[in-house]
Amino acid sequence: MTASADAELISRLAGDDHTALDEAYRAFAHRCKAVAMRTVSDDALAQDAVQEAFLSLWHHRSGLVVRAAGIGPWLVVVTRNVALNLARTSRRRSAREAAHAPPEPRPDPTELAVANIEAAALRDAIERLPDEQRRVIRLAYFGGATLAEVAARTGSPLGTVKRRAQLALARLARTLGGAAR
Amino acid sequence: MIEHPTGLLQSLALGELDRDEAFAVMQHADSCAECAGELADAMRGVAALASAAGAELLPSAKTAVRQRDSRWLVGSLAAAALLLGVWNVQLETTSASVPVDALVHSHFAHHALTGTGGQAKLIQALDGSWVYIVATGLRPLRAYDVLVDGTKIGSLRADLTGNATGYWRRQAGKIASAALAGQDSMLRWDGR
Chain Y
1 MTASADAELI SRLAGDDHTA LDEAYRAFAH RCKAVAMRTV SDDALAQDAV
51 QEAFLSLWHH RSGLVVRAAG IGPWLVVVTR NVALNLARTS RRRSAREAAH
101 APPEPRPDPT ELAVANIEAA ALRDAIERLP DEQRRVIRLA YFGGATLAEV
151 AARTGSPLGT VKRRAQLALA RLARTLGGAA R
Chain G
1 MIEHPTGLLQ SLALGELDRD EAFAVMQHAD SCAECAGELA DAMRGVAALA
51 SAAGAELLPS AKTAVRQRDS RWLVGSLAAA ALLLGVWNVQ LETTSASVPV
101 DALVHSHFAH HALTGTGGQA KLIQALDGSW VYIVATGLRP LRAYDVLVDG
151 TKIGSLRADL TGNATGYWRR QAGKIASAAL AGQDSMLRWD GR
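Those protein sequences? They're chains Y and G, same order as listed.
Everything in the first sequence is counted per this note's numbering, starting at 1 for the first residue and increasing by one.
Everything in the second sequence is counted per this note's numbering, starting at 1 for the first residue and increasing by one.
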């Protein structure tokens, strides 16, 4: 979705236009579902996370953050957060269902190629971060550590870790922005 | 003097906060330009990671394949519904379990479920071997039990717009009544 289309959708949402929520759902639900599935590995929980994120979008439609972040990034983050919370409370159930999950179908070769390109871009963007910022992202995002845990492990003040996280995320947003929009 | 939750903005973006904490931080940021800007930067970064990081894990292909199947089925159902002209509520569903074959190849009857909290129709095979519920005007995201002759045969959940559909196969036999029961609503058909 282009920036101008995103802005128009945000404007319609803020004007209580229900059809804008439907359009947002059609445009972003697929990506949100994929993000949620990576977090919970459970189709029903992932769908719950997506639906909660869209309800949340409706509740926050007039706020500044949706306007500043853009609908796609906002939804992806909220979906991931809901999914993380669901995963924390249903870890045992997820493990049990994963053990009985049917084998995954073979991925489409074209999607594999696109995925590989995106993975390479991600690795490159992370490698280009300053060392201390890269470490925060690796521990906090990929390692699942809280920022307080990162501070303890690296021996850095919590405020410094938060600042590094902020700088790294802003930089990744600029570098990988196309993937998030 | 305003207290900004500066230290919590990155935690929110990274998913460290529980729902109540996240809601409180978001509420503040939604009316504070300074925090909104910082949170938006962090959100765009996490969204970029979340969108690209999936490429390494490769589950997106599986999801995409499933959704393509779903869209095809939904399209088929809508076409079948238009051709058959059996109901007048709008069909918008992401359910993959749609009875296209059943609708096209079976003899069926349909009944309106009436009551409070929405509208629904029961479509059933004449021999009772399958039932299909299509409902609108329900509470968004609420779960509803489907009862046939007083026995629960399944449940369905309304989507964001309050629509829901569900399809169940069952042992053939006459159907005398059906209901769609929610927490605070009841839609019912009684053919006795």
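To be clear, the hints were calculated from the coordinates, so they are not data collected in a lab.
Incorrect hints may have been included.
[What the hints assert, rightly or not] Short derived list, chain G residues pointing at chain Y, Cβ under 10 Å: (1) Thr6; (2) Gly7; (3) Ala29; (4) Cys35; (5) Gly37; (6) Leu39; (7) Gly137; (8) Leu141; (9) Asp145; (10) Ala172; (11) Ile175.
[Said to hold, decoys possible] So these bits of chain Y aren't anywhere near chain G, every CB distance computed over 12 Å: (12) Thr2; (13) Glu8; (14) Pro130; (15) Glu132; (16) Arg135; (17) Ala140; (18) Ala152.
For each residue, glycine too, the CB sits at the ideal point set by N, CA and C.
Practice prompt. Please name the hints from earlier in the document that this structure breaks, with their numbers sorted from lowest to highest.
Written response: Structure breaks hints 7, 9, 10, 11 and 17.
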